[in-house]
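So you can see what is in the structure, the chains are spelled out below.
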Amino acid sequence: MKTAFIFDVKHYAVHDGPGIRTTFFFQGCALRCLWCQNPESLLRNAHVVVDAEKCISCGACAAVCPAERPDGQRLKGNCLRCFSCAAACPTGALRLCGREVTVGDLLKTVRMEQPFYETSGGGITTSGGECLLQADFLEDFLRGCREIGVHTAVDTCGAVPFHAFERVLPYTDLFLYDLKLMDDALHRQCTGASNARILENLARLLDLGAHVRIRVPLIPGITDAPENIEAIGEWLLANGGSRQIDLLQYNSLAESKYEKPPFYVDEPPNSYPLPGLRPQSAEAIRALEQLLKRQGHAVRSLVWSVGS
Amino acid sequence: MNERIQSLRELLFAGSHKAYRVPTLNATILDDATRNLPPQVRKALAFERMCELAPIYIQPGELIVGGKTVYRLPEYYTEKEIETGNPHIETEGFSNLFGFVYNLCQDTRGFGTPNSSIPAYYKYVPLGIGAMLEKAEAGLASDCDGRQRAFYQASQIALRAVQKSIRRYADLAREQEAACVDDARRAELSKLISVLSHIESGAPRDFYEALQLFYYFQYLVWMEGEYLIPPGRMDQYLYPYYKRDIQSGAYTNAQIFELLECAFIKLNYEIDRTHGEAGKFESDTGQSVTVGGIDPVTGEDASNELTLMILDTKLDLHLSDPRIHLRVHMSTPKAVWEKAAELTAAGMGFPLYDYDDNIIRALMNHGDYSVEDARDYAGSGCWEIVVPGKSINRNLGDIDCLRNLEWALNDGKNVLPVSPDAIGLVEGRWGLRTGSVESFDAFEDLIRAFKAQMKHNIDTIACNCNNSRFGPAPLYSVLMEDCLEKGLDIADGGARYYETDFQMSSLSNCADALYAIRRLVFDEKRYTLRQLRDILNANYEGHEALRQEIINKFPKFGNGVTEVDSIAYDIARYFSREVKKHRNSYEGPYRARISSALGYVSIARGLGASADGRKCSDFYGANLSPGLGAERSGPTGVILSCGKVPTEGLAGGSILDIKFSPAVLSTPELRDKFIALLKTYFRLGGLQAQVNVVDRATLLDAKAHPENYPDLLVRLWGFSSYFVSLPEDYQDQIIARTELGL
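Protein sequence lines correspond, in order, to chains A and B. In terms of the working numbering, the first sequence is residues 1 to 308. In terms of the working numbering, the second sequence is residues 1 to 742.
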């Protein structure tokens, strides 16, 4: 049976496509963006996340650990990845991040939430990480949704081989396609990869007539530079014309996630590389909106913080 | 907000109207001639005296006048009556019979004060006082018995008292007019004089007159001693005037809007005097205006321009009263939904959404109501569902699920100490002896004991309530339908429906607790029931890891998990069936409702720890909502669990509280999704929902710096109140409720 690793399910997701949606967050990603909002997604399998504030020193983890001592430093390299500690922890101080699911598991949730899609014109969205890294599974899942009449959206960074798109294309109603930086050198510097494949995939996808919404995460001082936004708009005009574009206000909530790293791996950074950034003001976002609107695009902003 | 409204609002916050209040008139109507009159006639005479003597005032800029200034009727009960009054109920203020009955406001004889019922404004505002007096005269002239004669006499006295009051105001307006140097104000006063002079007897001819007459009735019923009196379906009974005046050009929309705001500001004058001195909560006035919904005869959507305008006044005024019940159904126009969602997003806790289809079905399932009356329901008090002009509603029984579970686990005893001379204790118990925990071999045995406790609780309160009667209420009675026709006071059965509502609280926490017990004791056999019970009674002392496990790892009601939800549904079904078995002393129904009122703090304080991980005296979830912190799958999970609660037997209502952060409702597109969310709740079976939209940081800051948040409104159990006026406990409970959304 095909399985995938997901690390979260967001209910009442209202920013990930039309209507009320359920968003499934898949693990693994080909990019390493400095501003990654879901660092826990970067590992492609299950792992344990530590939230020391919740620990009541009950010793339940130590009692069940088959390795010598579940002491942060000493365990490194020793961990058998049995996850019994997370299972035993009563408070959630040790929490299993990532679970292996079958298509049937996900469809069960979808069926339960179907009444909300029906009243709102919503559906499901697969996100991540990068959900297309598990295209084989995704194809089955999206087909399953299609069969029960559920609208499907795929949120992608585009940094995957194009054949992954081809697998899901027949069952995807909407692609939410992230574009970050048009300057390739900067793109490499900030995401660890070139934007060449991302743009090439997007061009092909648009060419095939897929329904695509462009999403631009506004990272202060990086992606929200007017020249970058303008360049994104120009590239789109040159590749088939005006589009629907969402500008995503910067969200600093993820910063705290970096303080609760997996305790036996070093890969995701243990501190947020871009500390202290503040969300853009409504006026600043409106100015960027205007820029794109002047180019003929349909623009919408997704704002998380209505305050200052 | 225009200048006039702004200045009236400032006067309200400054409390200028309070200067006219007098605690008592030091008057009596008792003398040798009156002493032997029937009590209702004496009460009418006392009311008349009050109308003659009460201080009156017209403040600068007011277009609608009136207001309660006296809080005690002149003496009218004889010493003998007071001595030999209703022997079954304690007198004075709240009677906490067994601690489980509330809203038993008493008169000096110990008789219940009618409340929470909506006068038949739709009938008597158009009729006018003169025509009402004629009806009373015709009644007197008819072949009537002594009781009916007394009723008609009392009615005449009460109606003439209203006329006297109006006349006094007209005189005051004339005085002010004569002294007024401002031309514009003089014209306003002259208009006011013509309005008052006409409605003293005549049927209102336009919107202004209708609204002013409504307000006289409204505040004078409060003066008579009744309280929690709601205005009812204002967008319906005022609409004919609105339509005529707009069509004829007599008034503009802006003028109607201003008049409405003037009247609505008036409804805020009593927010500090709600339940007498005991159990005080600012704005717990019960003054619900109901808008929207269907037409009682055609069943078609009845919303109109006034529906939207009334919602707009709430956005403009930013005041606690009136609270708004919005009746919605599947054909409610988009414009109404959108305006309502805009109001919700403004974060004051308005409106409360009532879903017609399911509420009317629940009412019809009761068998007491005609379909036209069921379709004409309106919100009263907090969330009570009553038929305007026809239902006399009392809101009495208070069944707490966690309390019943505590009794089942402790053979009928409370865990926290009870004063040995508390009323109603039998061998130190309020509960029933349902056996020691060792006698429960299976989970079903515990459930049986729990239900036996609940039944005992319901039966005992119903039995006690049935010993209580209402005191007479001359003006209130004459404003209810049927009383004038039957010649009977509401205390004597003059009204059409008499309902007694029982509420059930802490359902969600109790379902979570029962689930945990089943799993720990009967499924996984990790503890015996005695061991677990002892851990609870010791407030989890030494068992924090178990408590954390229950909190963090056990499924909870509010996430669409069948194993837990089904326990809650079983309890809800049992509760409504048992409540429905009773009939009250007026042969009316007992109706079941899921709500907590203030119990989530007040009752919770007296409860021991529960098996859902809740520690001794900690809060529980408000109304039908999941336990605090139990919502893990967002609003959809809450709605899946709460929407499927069997509501067909809950004619008293069932109220879901949802909380959102402001950003989740910040754009029209996001509000459309919120509307769809509510519609899903109602499609699943939900009856009522209310929404708090406020972020935690704001609440915390308001608690620390109250001076910066004088008009921050939050939704409590069934009304909105000023956050900074709340007792600290209640501020904390609101902060602790989960913020859903982002």
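There may be inaccurate statements among the hints.
What the hints assert, rightly or not - The calculated lysine-lysine pairs, modelled on BS3-like cross-linking and capped at a C-alpha distance of 30 Å, are:
1. A/K10 / B/K334
2. B/K164 / B/K390
3. A/K293 / B/K390
Simulated from the structure, these hints should not be mistaken for lab results. Note that this is a predicted model, so its numbers are computed, not measured.
Hints versus structure:
1. The hinted pair formed by A/K10 and B/K334 meets the criterion: a straight-line CA distance of about 28 Å does not exceed 30 Å.
2. The straight-line distance between the Cα atoms of B/K164 and B/K390 is roughly 27 Å, inside the 30 Å bound, and the hint therefore holds.
3. Distance hint between A/K293 and B/K390 is unfulfilled; the C-alpha atoms sit about 58 Å from each other, more than 30 Å.
Violated hints amount to a single one, hint 3; each of the other numbered hints is respected by the structure.
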